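Chemist: Protein chains in written order, with our numbering: chain Y, 44 to 405; chain E, 44 to 405; chain B, 44 to 405; chain X, 44 to 405.
To be clear, the hints were calculated from the coordinates, so they are not data collected in a lab.
Take every hint as true, because none was put in to throw you off.
If several chains are the same, the list does not tell them apart, and a pair holds so long as it fits within one copy or across any two.
With a straight-line Cα cutoff of 30 Å, these simulated DSS-like cross-link-like pairs (lysine-lysine) come out:
1) Lys301 <-> Lys243
2) Lys361 <-> Lys301
3) Lys240 <-> Lys319
4) Lys296 <-> Lys208
5) Lys118 <-> Lys142
6) Lys118 <-> Lys315
7) Lys365 <-> Lys241
8) Lys233 <-> Lys243
9) Lys301 <-> Lys367
10) Lys296 <-> Lys229
11) Lys361 <-> Lys142
12) Lys103 <-> Lys229
13) Lys142 <-> Lys301
14) Lys109 <-> Lys51
15) Lys51 <-> Lys190
16) Lys244 <-> Lys296
17) Lys244 <-> Lys361
18) Lys208 <-> Lys243
19) Lys296 <-> Lys233
20) Lys301 <-> Lys241
21) Lys367 <-> Lys244
22) Lys51 <-> Lys118
23) Lys208 <-> Lys301
24) Lys109 <-> Lys190
25) Lys103 <-> Lys367
Please read all numbers here as calculations on a predicted model, not as lab measurements.
Below, each chain spelled out in residue letters.
4 protein chains.
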Amino acid sequence: MSGNTFGKIFCFTGFGESHGDFIGGVIDGCPSGIELDFNAIQFELNRRKPGQSEITTQRKEPDEVKFISGIFESKTTGMPLAFLIANADARSKDYSHIKDMFRPSHADFTWHQKFGHRDYRGGGRSSARETATRVVAGAIAKQVLQKVNISFVSFTNSIGNITAKNIPVNPDLDQVESNLVRCPDKESAKAMEELVKKVKKEGDTVGGVVECRINNVPAGLGAPVFDKLEADLAKAMLSINASKGFEIGSGFKGTEMKGSEHNDSWQNADGKFSTKTNFSGGIQGGVSNGMPIVFKVAFKPVATIIKDQDSIDSDGNKVIIKGKGRHDPCVVPRAVPIVEAMAAMVILDHIMLNNTVIFDAL
Amino acid sequence: MSGNTFGKIFCFTGFGESHGDFIGGVIDGCPSGIELDFNAIQFELNRRKPGQSEITTQRKEPDEVKFISGIFESKTTGMPLAFLIANADARSKDYSHIKDMFRPSHADFTWHQKFGHRDYRGGGRSSARETATRVVAGAIAKQVLQKVNISFVSFTNSIGNITAKNIPVNPDLDQVESNLVRCPDKESAKAMEELVKKVKKEGDTVGGVVECRINNVPAGLGAPVFDKLEADLAKAMLSINASKGFEIGSGFKGTEMKGSEHNDSWQNADGKFSTKTNFSGGIQGGVSNGMPIVFKVAFKPVATIIKDQDSIDSDGNKVIIKGKGRHDPCVVPRAVPIVEAMAAMVILDHIMLNNTVIFDAL
Amino acid sequence: MSGNTFGKIFCFTGFGESHGDFIGGVIDGCPSGIELDFNAIQFELNRRKPGQSEITTQRKEPDEVKFISGIFESKTTGMPLAFLIANADARSKDYSHIKDMFRPSHADFTWHQKFGHRDYRGGGRSSARETATRVVAGAIAKQVLQKVNISFVSFTNSIGNITAKNIPVNPDLDQVESNLVRCPDKESAKAMEELVKKVKKEGDTVGGVVECRINNVPAGLGAPVFDKLEADLAKAMLSINASKGFEIGSGFKGTEMKGSEHNDSWQNADGKFSTKTNFSGGIQGGVSNGMPIVFKVAFKPVATIIKDQDSIDSDGNKVIIKGKGRHDPCVVPRAVPIVEAMAAMVILDHIMLNNTVIFDAL
Amino acid sequence: MSGNTFGKIFCFTGFGESHGDFIGGVIDGCPSGIELDFNAIQFELNRRKPGQSEITTQRKEPDEVKFISGIFESKTTGMPLAFLIANADARSKDYSHIKDMFRPSHADFTWHQKFGHRDYRGGGRSSARETATRVVAGAIAKQVLQKVNISFVSFTNSIGNITAKNIPVNPDLDQVESNLVRCPDKESAKAMEELVKKVKKEGDTVGGVVECRINNVPAGLGAPVFDKLEADLAKAMLSINASKGFEIGSGFKGTEMKGSEHNDSWQNADGKFSTKTNFSGGIQGGVSNGMPIVFKVAFKPVATIIKDQDSIDSDGNKVIIKGKGRHDPCVVPRAVPIVEAMAAMVILDHIMLNNTVIFDAL
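One chain only, chain Y, in its complex shape:
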């Protein structure tokens, strides 16, 4: 229990370092009898993988997943699904020059304090490389959820100070994938791309916000007190590298509203109950209300930059960190499928938990 496991029923454990031979994971608790679509899993991995475009890190990883257990006659067996992804392009020497230095806003110092040592090869397991395994687990969760028609769409809402203005109410995947930054507002996307390229040229990085929308979530998922559905989503999102904030529905802006404006009134359209507005973001009292679940996640600018930076080494001596290596000028486009993957794991877990609430045993 060092925090490498996520979920209570659909339970994912990740392993592997950025510069080892493999990263991988084990899913225990995937329902049995699910026929997996491996192309769909690879599609999600491709959306996350490095080197996918001129605005991502140039590290080249095929990121092909190999399953080694839990599948028989092409269906899940109910036993652990274990999988591996090879690290093809790990260049350990890239990192040797910073072996004893504490890079600003990296995990170098904290890891050293916690574990009494430090894996300086690309940050070991503090590297975002491990998120590839989350995408695999999330892709499987999404396939299970498709059986009850639940779908996900995540996209870039802002990069730096450019916020998308014309996002469709319910964007589709094609719109998201139509540009390098994964923003379904084409015009804003263009400006975002230019910003990222400019920042990259400066050897700098920039942050942004990912929005996620989950459709067709049935009412009744979640729990009223500590395991509120939004609480589990918040944990999932803040567990993603570089994330600094989470908000659901009206979020921080909603704090400026009055109750009479913010309250979502119920209406009945031919027996289908819905709310006129959705400031709640699809969750009330910790439990889904049948409306789309809508939330945002803030990502800081990537800490690895090419510009020189002041810092200290482990003896406390002043050093200058000289940027080398490959890095992302903006993590947001690659974070989109990770947000979706984590959201899928949360929703599936709560659906499986929900089966236990009313006694309908066997």
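Got chain Y; can you put chains E, B and X on it based on the hints?
Modeler: Same frame as chain Y, but now just chains E, B and X:
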């Protein structure tokens, strides 16, 4: 496991409804040999309790806590600390008129969907009344943490569109408690109080933001992947009733910064390592770095208002909800000690977990 | 997490000391909508309670349970069921004379080593008094299980060297309750009663074996690897005070058999599959097979005796422990309902977990 | 959460089927900074592996373990240790003839009921092949425990009706490994070997009992109520394939004793406290008392036999199961290292948990 338990090692389970005889809780995993200061626990309860001022709900609850186990010769025994708080002023009849109605942005509909029934007496366990028990557990966690010098200060950062402008770097409790809204910026506090009173007069409610600062957290708490310290804080905060967002350090604003601005450079002052800035909010790579932990929590306007509202009943018929009962025009001042309590539970849990990382067994 | 919680989905947390005002518990995860039969709960408590006959301890406890949450309009709400049982007849002074002594085969020394202190008033929470709360939780689990026709019967199989010889294949409750030792073989029961009375007269104690049979368990409960159904039953049984062993089906005797004798062959009677023998005890490969689940639990002689005993005090000085206080000459008759209660919690938990195996979501 | 994870802090998750390419596992929560002895791990695997002697199954598996994460510069990093063991000699065709049949006392029927399908290739994950991964995890736990001088010795106590009579008080590994059946009583070992060979010739199998002794366990491990140390050991042992019983200290025999005989009196030898007898088996009130922990595990005769057996297929038709394939005439000699591995995981987990009881934070 219906989500009424929080924490892994310092493990709190709450129980009780808003309109039953008691609410209460059980803490399993509190270290043994801790001498408890019951006045300090009561002090925190008083900061949360209803009826404490003219800008809170007028429900009158003494909120006195009675411990029934886990203490012997005035010290914790290491066995469960169970406690009860009587519900003195529960008026069930206040709620009977909305028995079959779905109040906007309440848990009425979702609870009904999840459990197949609904406790209409003040929302049962979806009422924020249960947070009193969190305050007890948090007050105990804070007392344990005092032994290693860790301290907490939470305060109101904004109410509605009024954001405090002159908050001291490290406010003290007296400054926080010097006014009804718990904002350590006196001038802003005055404006906030006026806003809350105005809103109250309108029969409406307003939201706001609570900020929390944790001092003297040692480096090394947290975990690199799913159980990042900020992830557990985010879950804790989003589990509080009416919260809609969480951000750590630079948060959503930080997404507009560049990496070269946002990175927190390390410096060495006579052997004490610190960062020049604290955009990270005290956590890097999921693990505390020894700087103050700083985060914010967004609270929506309370859903219970006096103004008439449109909605439907459980048969789908249109109804008008007429506001009655006692409610808070703004939950933020009472949320301050709840935020602190939840933060204390997270930090203590991670300290106790951290004992297991390096093997120093017996 | 100091080990006072049992179960994953139907999750019971106990609290309270032998000599405090109350013992009690919280069940989180009980399905909603269950109408509880409080007389049935009290009936089970009466079967466990002290002072029930001349062969049990003479401590007098009415053991009446009071529920304080989780019930609305007489049905479970799905939220925590908290309950209290008052300690009416706790005589702390009975124990003061052994305050610093380590009683043989008690938890005095180990508790002192673990927690750095010791609750000498009747052992605090190491006293079997806490098992009353298990009986309440188990009685509720049994009521839920009745809805799917699962039933339990436990009884005394042996006391000292007297083993029952004519136990009916499937004894009923009346047979079990027809005598003080709870053995459905009347003749053996008589001999057992005499043995217990004789041992009591000597100021001594004696052990015995409880057998439990669970009828109508559907095939498919359990899990193939670590959470085998028999593994969870074993843990449940060894968690009961004074238990020293567990065996399922053929148990230790079965180790002397050959595979060709021990294997349970399948047969088909008009579409109902069963095994000709049941040496497996109703579980194969960790998963129930639809046959009755049958297991035994060994209970040592109670450690509290009236005879003088040599020991040491906490300074290592030799002392003589003089027996005083009230105690049971044989714990077995009162252990019968505890075994049943723990078994019921295990079975219900696995039924609720089982709902998650095949995806049939909403 | 389908039961493939064991342990709370030192947390092991296994995966892989008998007839896939690999079996493997992930340990999350191993302390950082431990230098692993890979030869010692392989030594334990060799003790468990098939084909090790003429009295085990002739399936040939090198059972070499490959670590793929969690180790840097030859020490554990505190992050997950993932490992793989290749399945070299899986012959799926051996099993095709029983594809639709329910073998007596196998998991065929129960698996089919639980998961809606069945992996007929050697039982998939219900095969004891998965226990190889437990041995790896246990070997690592043992290495960590060596640092505090805790050691384990397990051995065969009986096979069939032959019980060892002259077992040394504290046998050493050489004595255990001096014969094929792993019984440190040479004479009994010879008789046991002959019995196994005879049974093998008959195409039959036989059961037996493994005893385990844990030396130098400090007082204070365990917990007073549900997570009693013996309860966690019982669960661990009953989770091993083919185990049918567990007893600690005096066990089932102890039920025939009187309290005055069974009680373990405390004595003081130059400041070292111990008990004169050890009927408690090293645990009192759920917590270790500093004496050796001693327990026994019953293993039934292996279900796979060569003799013809009656059974039915999944349509309920009568069939005759003809024994083929490779199997163990007696599982006990190979179970010895598995018992030890599981015990090591339990003890390490409780040591790490114990760090949290008294607050000595950082």
